[in-house]
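Chemist: Given the coordinates of chain L, assemble chain P onto it according to the supplied hints.
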Amino acid sequence: MLLKIIGGLLIVFASGLLGILFSNRLSLRYRELTNLRRFMQMLETEVTYGATPLPAALYNISNKAEGVIGKFFSTVSDSLTDRSFYTVRDAWNESAEVILEQSSLQRPDIELIKNFGSILGCSDREDQEKHFKLFYLQLRHHEDAAMEEIKKSGKMYRSLGFILGIAIFVVLV
Amino acid sequence: MDVNLIFKIAAIGIVITVLNKVLLQSGREEMAMMTTLTGVVVVLMMVISLVSNLFDSVRTMFHL
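For the protein sequence lines, the chains are L and P, in the order given.
Residues in the first sequence are numbered from 1 upward in steps of one, following our numbering.
Residues in the second sequence are numbered from 1001 upward in steps of one, following our numbering.
Chain L on its own, in the form it takes in the complex (with noise of 0.2 angstroms):
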């Protein structure tokens, strides 16, 4: 008897983290996006104020940024510095595929940021200037999609987790 109590309850809370675990992955989500814009931010100032080259623009960023954001502008820097890559757009490409991989961002979020590595750095400072509004638009978009997604999801993976661990436990006992 205790050992079946025992074993509900780890059933249960296992059920009940997985949950949790998927309704934060959707605001980590959301979260990476704001981080992301903000940075970009950043960057457009380094790009069309500062004329920074973007290697050193990119390496200056990714020193303030954290976790993945930041992660994916140092590799993309790092990549321009040692010339691993001929263009700009491989080098983000490259960096985009690798390191977003391990973030929460879906599919869309990715293939918009690689989108944008093909912009970056290839135009005069206005034209970037209106590339980077574009891409904050966008990059809008997919935060707002986020938001719904989690006002919609994310309570109900909470609960849907440790309803179903009772469900799976009923049914065993």
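Honestly, the hints are just simulated from the structure, not real lab data.
Certain hints may be false.
Some, not all, of what chain P presents toward chain L, calculated at C-beta under 7 angstroms [stated by the list, open to error]: (1) I1006; (2) A1010; (3) I1012; (4) V1015; (5) L1019; (6) V1022; (7) S1026.
By construction, the Cβ of each residue, glycine as well, lies at the ideal position given by its N, Cα and C atoms.
Modeler: Here is chain P on its own, set in the frame of chain L:
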């Protein structure tokens, strides 16, 4: 025939109802439908042997 089975079915009923409510509230009608169906199937699996027992006893009682 033990009473535990009845309690078990009642517990499943309660859990499935709560699940249904949660899913409906977050706007996933199909999922809610599916969980309800799953609950029905699980309970059916539990009682199917008892039902067949009942049929058997009815049959032997009336010599059919």
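Chemist: Run the structure past the numbered hints and jot down the numbers of the failing ones, going up.
Modeler: Hints 1, 2 are the ones this structure does not satisfy, whereas the remaining hints hold.
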